[in-house]
Amino acid sequence: MPPSTGTVELHGVSRWYGNVVAVNDVSMTLGPGVTGLLGPNGAGKTTLLQMMAGFLPPSRGELTVAGRPSWRNPEIYRVLGLVADREAVPGFLTAWQFVLASARLHELPDPERATERALGQMELHDAWHRRLGTYSKGMRQRARVAAALVHQPTVLLLDEPFNGMDPRQRLHMMDLLHRTADAGAIVLFSSHILEEVEQVSGTVQVMVAGRLAASGDYRSIRRLMTHRPHVFAIRSSDDRRLAVALMAEPAVAGVDIGQSGLTVRAGDYGTFARALPRIVQRERIRVRQVTPSDESLESVFAYLVAQ
Amino acid sequence: MPPLIQTQSLTMRYPSALALDALTVEVEPGVVGLVGANGAGKSTLIKILLGLLQPTAGSVRVLGLDPARDAEAIRARVGYMPEHSSLPLDMVAAEFVTHMARISGLPRAAARERASEALRHVGLYEERYRQIGGYSTGMRQRVALAQALVHDPDLLLLDEPTNGLDPAGRDAMLGLVERIGADFGMSVLVCSHLLGEVERICESLVAIDAGRLLRADRVASMTRRRDVLVVEVDEGVERLAAHLDELGVAVRRSGRELLVPLESDDTFDLIMRAVAGLGLPLHRLGQRRHGIVELFADTSAGRAVEYAQEADHGIG
Amino acid sequence: MASDDAAVGAGVIHDIGYQRYAGPRLGRRHVVTALYLHSLRTAFGLGRSAAAKIFPGIVVGVAFAAAVVLVAVRSQAGGVIPYTYLQFIDGLGIPLIVFLAVIAPELVSRDLRSRVLPLYFSRPLRRSDYALAKLAATVSAVWLLLAGPLLLIFLGGAFSRSGGASAVWREFTDFLGGLGYAAMTAVVLGAFAVPLASLASRRAIAAVVIVVGFVATAPVIGVVNAIGGATAQQLSPLVNPATLLTGLEAWIYRDEKLDVGRYGPLYLLVAVALVTACGAALIARYRKVTV
Amino acid sequence: MNATIASITARALLGRRRFLLLLPLPLLLVGLAWLAHGLDPDPSAWGEPVVAGLGFAVVLPMIALVVGTGVLGAEIDDGTIVHVLATPVARRDIVLAKLAVAAGVTTAVTATAMFLTGVIVGSVRFGLGLAVACVVCSIAYSAVFLALSLLTRRPVLLGLLYVLIWEGLLGNLLAGSRVLSIQQYAVAIAAEIAPSPVLHARLSLPLALAMSAAFAVGGTLLAIDRLRSFRLAGETS
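Protein chains in written order, with our numbering: chain Z, 1 to 307; chain S, 1001 to 1316; chain P, 2001 to 2291; chain U, 3001 to 3237.
If you're looking for bench data, these hints aren't it; they were derived computationally from the structure. Among these hints, one or two may not hold up.
Stated by the list, open to error - The list that follows gives simulated cross-link-like pairs (lysine to aspartate or glutamate, DMTMM-like), each with its CA atoms no further than 25 Å apart:
(1) Z:Lys-137 x Z:Glu-62
(2) P:Lys-2053 x S:Asp-1090
(3) Z:Lys-137 x U:Asp-3077
(4) P:Lys-2288 x S:Asp-1070
Said to hold, decoys possible - Chain S side only, calculated, beta carbon under 10 Å to chain Z, not exhaustive:
(5) Ser-1016
(6) Ala-1022
(7) Ala-1109
(8) Gly-1138
(9) Leu-1165
(10) Arg-1170
(11) Asp-1234
(12) Gly-1277
(13) Leu-1282
As the list claims (entries may be wrong) - Listing some non-contacts, in silico: residues in chain P with all C-beta distances to chain U over 10 Å:
(14) Gln-2076
(15) Ile-2094
(16) Arg-2203
(17) Ala-2218
(18) Val-2272
For glycine and all other residues, C-beta sits at the position ideal for the given N, C-alpha and C.
Bound conformation, chain Z alone (with noise of 0.2 Å):
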C-alpha cells in the first residue's frame, strides 16, 4: 500500500559502515504528534535521524518522509525542518539575518513576515539583532529551531535538542514541541537524558545497539514487560513483619531487608499491588512509602539495554 503523505514510514531499514551495523532493521511509522527517540549513546539515534533528514542513505530497506524518499532529494525541505546534533552556527550572521536566510533558502513568499513569527516563537525577539556568536548555547539552540520552524515544516526532526540547556530552558523548548505538534506536525526528537523524554513525550521509540527495542507509551511499554518482576521500595513502622507477611505472598519473588526499609521484587505487577494494601490492613502496620524504584523511563531503559 503506498506510503502516505502525512506519516515519516520506515520499512526494515538497516545502515551499516563497513561491518559495523549502525541501524539494524528498524521499522516505524511516525505520524502528528510529539515522538522521543531514545537510547544510550552509540544506539544509533543520530544515523537514524540523519537518515529521515536525507543526509545518509539506508543502507537496506525504504524510508520515506511525506510520502517520497529523503535521499537526494532536495525538495523533502519544503516540509521538513532539521535541527542537527552539531552545534555550530555561523556565529558572524545575527539571528535575524540567520533565520531570514533560511526563510529565503526556503523559497517563501513573505521570508521577513516568517522570520519574524520564527524568532518570536522561540522569544528572541529582544536579542535577533545581536550576533549569534555572542548568544549562550540555549540560545543558540533556539536560534536553530527556529531556522527549523520558519517553513513552518509538517516534520520537525530535533536531534539531542536538550543537550546542555537548564531546567529553565528545557521546560521553554518542550512547550514549543507541544504547540509544533498540536498544529499538526509531526515532531521527532533524541535524547538521551530521561527527564525531557519524561515530560515531552509520553509517546516512545527506544533504540538500543541499532534495533528498535519498544515503541509507544512509555509507561504502557513497561506495563508490556510485565513478565520481568517489578521492584518496589516499601518503608513502613514495622519492616520486618511486613517481609515475613509478604514473604507469604504468591505475587511476591523476594524481599531484602536493608536500614532505609524494604526492597521487594514483585513477580507479577498487577495481583502484587492489589495485594499489598489488603495485607497492610491486615497486619495493621502503618505504610509510610511505597515506591516502584524500577518504574521510570530510566529502568525501562536500562532493563531494555540489559537485554
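Put chains S, P and U on the given structure of chain Z with help from the hints.
Frame of chain Z; chains S, P and U shown alone:
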C-alpha cells in the same frame, strides 16, 4: 585543616558581562556541589581557583593558598576536568594519562603505574590501550576524570562531569565521584546544572545565579520535607478520588497522581484503607520532597517552576 | 578442609583500593623535558595513529632516498665531491618546508584546536615553558631528519674512501661540519615556522601560512640581485630564511656557495636576531591565550 | 546561482581572520614591482622573478587555495553547511554560488595586483594580459579546490602539495607535468595577449585554454555530484 575554598567579595567583570558579583563563600573539605544555570559563573569561578583567570576584584584562597601568588603550588595539588572533553583523539588513553601525570611532575615509572591505576578506578582498565577517538562520550569523560586523578590531587575540580552522558553513563560517573569523595580521601568540587545529581552525591552545596551567591549550605538542611502525600493507583483513579472526597479529604488531581494534604501520620492509614477497600492496584504512595529546584523557582522570571520533582521519581 | 590449620601460611588481602602518592614530585625541569620528549615523538607521529605517521614518513623517506643516491654517486666519482654534506642539506629545501608545514601545525595548532591547553595550563607548567618545549621539539625533529641521512652518507663515504686513516678523519670532520650546519638549519627554520603555526588553530591554515612565509620572500631576492649592485646582492639573501642559511654557510664554511662579501658576521647577527624574535613572539602568543 | 548563499559565503569569507592572510601577498607583489622599477626601469632582468616567480607561482595559487577551500571546506568542518543543505535549493545552485564567490574574490585580489604589477613592469596592455590570465585561472583553481573540499578531509594540505610539489618542484624538472599545471596556463595566456621577455610560455594558448576549461567544468561537475550525495558524518565516524 584550612577551609577548602574561601572567597571574599570575588568579582569577575568581562567586557560584555559580569560573571561573578562580589561572591563571598567558604567551603569545607568533602564533596561540594556548585550549582547554577548555564552562564551563572560556575566555569569562571573554577578558572579563578586554578589561577587561569585573574579576578577583577576580591580575594580567593584554595587549600589555604592564593592562586595569584602561588598558582603552581595549587596546580600541583589540584586535578581539573574541564567542561568540554578536550582530549587528543588519536592518542592511546594509557599513554595520554601517563603523559599528563609526567606533566604534573611524577617520575616516568610512577606516572605509568598511576595512569594504569587511575584508568582502572574509572573503569577503563580493559580499554586503556585503545585510542581515545574510538571511545564513546561516556568513556571519554572517564579518561578526562582519570587525567585529573592521576597525580593524586588533594582537590578535584569537575566541570559538568556528566555532560552528554546517557543514564547508565551518568549513574556510573556519579557513583564514581561519590566513591572518590568517600574512599580516595580527596575533596571534590562538582559543577552542574542538573540539580538531581548535586542532591544525590554532595554533602554541601553552593548555589549561584548570574554571578551572585544564592545559598551555601549543607544539602541535608536544604531539602526540607513538605507535607503533601502523593498516591497513584494503576486503575480507578476517579473512584479513589470520589471515595476520599466523601471522607472529607481535600484531594487534588495532578496527571495520574492524587495529592492529599498530610495533616498527621493517620493520613497514611486512611489512604491505605481506602485503596484496600476499593481493591485498587497501588502504584505509588509517598511524601513529596521539597527539591532544590525550588531555589531557582523564585529567581526565574516570575514563573514558579513546578518542574520535575526529581526527588520523587527514581531517587525517592 | 583437607589441610590442617597450623600448616597454612599467613595470607593477607592487599588493599588494592586507591593509594595516595607519597613519591617524589619533580620540578619544572623534569616537566618541561617530559613535554619536549612527548612533542618530539608526536612530530614523527610516534604514539599516534597511523595517519599521523604518513606525511612525516614520506619526508623522512625522501631524505634517506636522497642520501642513498648521493652515496652511490660519490662512490662512482671516487668519493671526491666538495662539501657533500652541506650540499645535501641545501638540496633538501622543499622537502624541509613540507616537513615543517606538517609538523609545526601538528605540535602547535592541534593543541589550540583540541582545547588540550586547559589540561596543560592547569598543571604546574609555565606558558613560556610550554612554548619553548614545543620550539625545541620542532628544532630537534628537523635536526634528526637531517642527521640520520648525514650519518648514512658518512658511513657510505668513510668505508669507500681510499687513503687510510687521514681520509677517514677528513671525512669525519666534514661529517661534524655537516651536523653543525644541520643544527643551524634546524634552529633557524624551526624558530621561523613555529610562531607562524601558532597563528592559526586550524592545521590547514597554519600549513599555508608557513609555506607562504618561506616561499614568498624568495622572488624578492631574485629581484634585488637583478637590480642591485654587489652589496645589494650580498645582502639580499638575508630576506629569506633558507638563503640566510646558505649565506651563513658560505661565511663559516667558506664554500663559495654564496658571495656574502664581508657581511658574514651580519648574517650571523640576523640569524640570532630572527631566532630570538621568533622565540619571544611564541612566548607572547601563549601568554595571552585564554584558556 | 543563489544570491542568498553567495552573500553569506562572501561575508563568511571576508569576515574571518582568514581573510587577513590574503592581504600581505598582493601588497608584497605590487610593492616589490614598484620598488624594483624605481631602481631599474628595464624589467628584463628582474621582471621574471616578480611576475612569474612571485605572481603566478605564489600569489595566484596561494590566494586561490585559501579562498577556494574557505568557501565550503570551513563550513563542512564546523558543520554549518547543514543549514544550507537542509533547504530545497538545488545543489547545482549552491555550488555555482560558492564557485562564483571563490572565483570572484580570488580574481579581485589577484587580477588587480597582477594588473598593477603588469603596468609597472611593462605597459597597460601587459597588465591586462596578466589580469585576464588571473581571471581564467582563478576560475580553474577555485573549481579544483572546491571539489577537493568535498573529496577529502584535508583539502588545504593536498592543495599545498599540488602547488608546491607538482606545479613547483616537478614543473621545473619534468616537462610533461606542466600540462596539468594551472600556473602554466596563466603564463601561456598572458604571454599570448601581451608577449614580453619576462614571460616564457611553455604551453600553447589553445592547450592552456582547453585545459583551464577542463579543470573549471570538471571541478564544478564533480563538486555538484559530491554535494548531491553529501553525508553528515554518521555516529560511528
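Right, here's what the structure says about each hint:
A threshold of 25 Å between alpha carbons decides the hint, and for Lys-137 of chain Z with Glu-62 of chain Z the separation of about 36 Å lies outside it, so the pair is violated. Distance hint between Lys-2053 of chain P and Asp-1090 of chain S is fulfilled; the C-alpha atoms sit about 11 Å from each other, no more than 25 Å. For the hint linking Lys-137 of chain Z to Asp-3077 of chain U, the alpha-carbon distance of about 19 Å falls within 25 Å, and the restraint holds. Among the hinted pairs, Lys-2288 of chain P with Asp-1070 of chain S is consistent with the structure: their alpha-carbon atoms are about 19 Å apart, no more than 25 Å.
At about 7 Å, the closest approach between the beta carbon of Ser-1016 of chain S and any beta carbon in chain Z falls short of 10 Å, and the interface hint on this residue holds. For Ala-1022 of chain S, the shortest C-beta to C-beta distance to chain Z is roughly 22 Å, which exceeds 10 Å, and the interface hint is violated. Taking 10 Å as the C-beta contact cut-off toward chain Z, the hint placing Ala-1109 of chain S at the interface is violated, the least distance being around 35 Å. At its closest, the beta carbon of Gly-1138 of chain S sits 6 Å from a beta carbon of chain Z; the interface hint therefore holds under the 10 Å criterion.
A distance limit of 10 Å between C-beta atoms decides the matter here; for Leu-1165 of chain S the minimum to chain Z is near 8 Å, and the interface restraint holds. The interface hint given for Arg-1170 of chain S holds, since its Cβ lies 8 Å from the closest Cβ of chain Z, which is under the 10 Å cut-off. For Asp-1234 of chain S, the interface hint holds, since its Cβ comes within 10 Å of a Cβ in chain Z; the closest pair sits about 6 Å apart. For Gly-1277 of chain S, the interface hint holds, since its Cβ comes within 10 Å of a Cβ in chain Z; the closest pair sits about 8 Å apart.
Given hint, Leu-1282 of chain S at the interface with chain Z, holds; its Cβ is 5 Å from that chain's nearest Cβ, closer than 10 Å. The claim that Gln-2076 of chain P is not at the interface with chain U holds, since no C-beta of that chain comes within 10 Å of its own (minimum 21 Å). Its beta-carbon lying about 5 Å from the closest one in chain U, Ile-2094 of chain P breaks the requirement of being farther than 10 Å from that chain. With a cut of 10 Å on Cβ distances, Arg-2203 of chain P falls inside the contact zone with chain U, its closest approach being about 8 Å.
Chain U draws Ala-2218 of chain P into its interface by the beta-carbon criterion, the shortest separation being 7 Å against a cut-off of 10 Å. With a closest Cβ-Cβ approach of about 25 Å to chain U, Val-2272 of chain P is found to remain outside the 10 Å limit, as its non-interface label requires.
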